[in-house]
Amino acid sequence: MTEPWALSACAAADAIRGGRLEPAALVDALIDRIERLDPDIEAWVRVVGASARDDARRLGSEARGGQLRGPLHGVPVALKDNIYTAGIETNVGSPMLAGFVPDADAALVRRLREGGAIVLGKTAMTVFAAMDPAPTRNPWNGAYTPGGSSSGSAAAVSAYLAPFAVGSQTAGSIIRPAAYCGVVGLKPTYGAVERSGLFPCAWSMDHAGPIARTVSDVALAFGVMAGVATSAPPSGLDGVVVGLPDRYFAAAATPDTMRALEQAIGCIHAAGGRVVDLPLPPGFEAGVDAGVVTMYAEMAAVHRDRYRDERERYSWKLACLLDAGLAVSAADYLRAQQIRRIATAELSAALESIDCLITPSTPAPAPRGLNATGDWSFNLPFSATGHPALTVPVGLSADQLPLGVQLVARHHGEARLFQVGAAIEAAVLMPPSPYRSRS
Amino acid sequence: MSTRTHPAAHPEQPVPAPEEIDAYRAALASLMERCLERVRRTPIPFEAEPLESWRTDD
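Chains as they are written, first to last, in numbering that gives the first Met the number 0: chain A, 0 to 438; chain B, 0 to 57.
For reference, chain A alone in the conformation it holds in the complex (with noise of 0.2 Å):
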């Protein structure tokens, strides 16, 4: 049998089901994996093994006696640590909330514990999920980062320390580590996952999602954090129509980006899709500004009293970012709410004549180097717009680092790019990541 460490989050969940797998048995095994490899990985900030070993025995013993809570009944999840766990400290990355210990979980998190998902930990994020980096490493390869700002759940369920994880993107923070990672990611539509208790970046764009190594996983752990059913995705693309965006896209990817996305669109075709070349809409590139403009200014907004208090606890980077915010005037960046809402209807037009779009997930695979995390140019667009968008890993570039396609459908589409993804997916046969052979 497969180690358990190394069960998707559906064959965990299954050997569970069926008694094959102890809670306690798969909770242990990660533990054991987590002490011994992420001091490599830094993908962890908080492991707490005493209360997952509590709820593995629990739901352990009503697997036996036949009650099972949900769907992911006994599995781990690991968790951003910008995402509120009752009695678990939450620090959002930044030593400013050293000590803060949410007194009630996330919505998402109740969902999970409903569904029978045992909280691990929590794992390490860019400071506020802004610019700052984690000490999170590439586990492909170690001098490279992770992306952000879910550094640390992509870099563990890459790693094989988790079944899956939660991330949350604004920019591009769950699809672009993700991406660089070699795993899936999905960034629901905006408001499917409920953002009470996550804490804010810029709160017009903040979304949670899964990520996780299969898209069956991220679509099992999705229906239970928006609490809407989903099945296994039809197989084949028989009728299903998929387009290429004309512009933006392709003028600042890289050769080997390309040459991914190419591969994918084979993939498409071979399992009966049509890939069609699709004209973005004339407010795409306005809708992306007014993605930037509110970013910042919502953030500058989240952190303003405590900027003022405690300004000198800010690194130089981020306080330059809060400068810029507080300097948008309120006619700027309610403008930009008038135009990001403009290009919003223009893009759900473009996207009811296909099934989805399929880009590039980044312009290049990870930088070199943990100082920074990486372009999310290629995900603040649909950050902005609030269209579900899901990362599919789709091979390697010439340094040996994934590269990964990203598929964006209409407002709660994700059905569609669980289809679509699940099609590349299994063609491409995405070689696991190298700590798949550590032990």
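The hints are simulated quantities; they were obtained by calculation from the structure and are not laboratory data. Glycine included, each C-beta is placed from N, C-alpha and C at the ideal position. Fair warning: there could be bad hints in the mix.
[Said to hold, decoys possible] Beta-carbon label-pair distances, calculated as ranges:
hint, chain 1, residue 1, chain 2, residue 2, range
1, A, 240, B, 19, 24 to 32 Å
2, B, 19, A, 249, 31 to 39 Å
3, B, 26, A, 253, 30 to 38 Å
4, B, 18, A, 53, 37 to 45 Å
5, B, 21, A, 312, 56 to 64 Å
6, B, 33, A, 275, 26 to 34 Å
7, B, 40, A, 142, 15 to 23 Å
8, A, 275, B, 29, 33 to 41 Å
9, B, 18, A, 351, 45 to 53 Å
10, A, 309, B, 29, 57 to 65 Å
11, A, 53, B, 13, 26 to 34 Å
12, A, 437, B, 21, 23 to 31 Å
13, A, 251, B, 21, 21 to 29 Å
14, A, 18, B, 13, 32 to 40 Å
[To be verified] Only part of the chain A face toward chain B is listed, based on derived beta-carbon distances under 8 Å:
hint, residue
15, 13
16, 235
17, 237
18, 240
19, 289
20, 316
21, 320
22, 334
23, 337
The hints should help you fit chain B onto chain A, whose structure is shown.
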């Protein structure tokens, strides 16, 4: 293991020379100005729906 916390999850980032900070600040200001310029000059159609209905959580 009960609870484990990295003692220094975010190592201190060195503060660069003032000129480097100024350059970063200027680059950020330039990005914001470019974005704001397009936001200001993009026309809002007269028939656009009222702002207050622009986004909901549904």
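Structure-based check of all given hints:
1. A:240 <-> B:19: 24 to 32 Å: violated (49 Å)
2. B:19 <-> A:249: 31 to 39 Å: Given a distance of about 33 Å, which is inside 31 to 39 Å, the answer is holds.
3. B:26 <-> A:253: 30 to 38 Å: The hint (30 to 38 Å, Cβ to Cβ) is violated, given that residue 26 of chain B and residue 253 of chain A are roughly 22 Å apart.
4. B:18 <-> A:53: 37 to 45 Å: Taking Cβ atoms as reference, residue 18 of chain B and residue 53 of chain A lie about 54 Å apart, which means the hint is violated.
5. B:21 <-> A:312: 56 to 64 Å: Once the Cβ atoms are compared, 21 Å apart, the range 56 to 64 Å for residue 312 of chain A and residue 21 of chain B is violated.
6. B:33 <-> A:275: 26 to 34 Å: Roughly 32 Å apart at Cβ, these two residues keep to the hinted range, so it holds.
7. B:40 <-> A:142: 15 to 23 Å: At roughly 43 Å between Cβ atoms, residue 142 of chain A and residue 40 of chain B fall outside 15 to 23 Å, so the hint is violated.
8. A:275 <-> B:29: 33 to 41 Å: holds (37 Å)
9. B:18 <-> A:351: 45 to 53 Å: holds (51 Å)
10. A:309 <-> B:29: 57 to 65 Å: For residue 309 of chain A and residue 29 of chain B the Cβ distance comes to about 28 Å; the hint is violated.
11. A:53 <-> B:13: 26 to 34 Å: Violated: the Cβ-Cβ distance is about 42 Å, outside 26 to 34 Å.
12. A:437 <-> B:21: 23 to 31 Å: violated (44 Å)
13. A:251 <-> B:21: 21 to 29 Å: holds (27 Å)
14. A:18 <-> B:13: 32 to 40 Å: The hinted range 32 to 40 Å is violated for residue 18 of chain A and residue 13 of chain B, with Cβ atoms some 54 Å apart.
15. 13: violated (27 Å)
16. 235: Violated - the Cβ of residue 235 of chain A stays beyond 8 Å from chain B, reaching only about 32 Å at its closest.
17. 237: violated (32 Å)
18. 240: violated (27 Å)
19. 289: Holds, because the Cβ-Cβ distance from residue 289 of chain A to chain B comes to roughly 5 Å (cut-off 8 Å).
20. 316: It holds, given that the least Cβ distance between residue 316 of chain A and chain B is near 7 Å, below 8 Å.
21. 320: holds (7 Å)
22. 334: holds (5 Å)
23. 337: Holds, because the Cβ-Cβ distance from residue 337 of chain A to chain B comes to roughly 5 Å (cut-off 8 Å).
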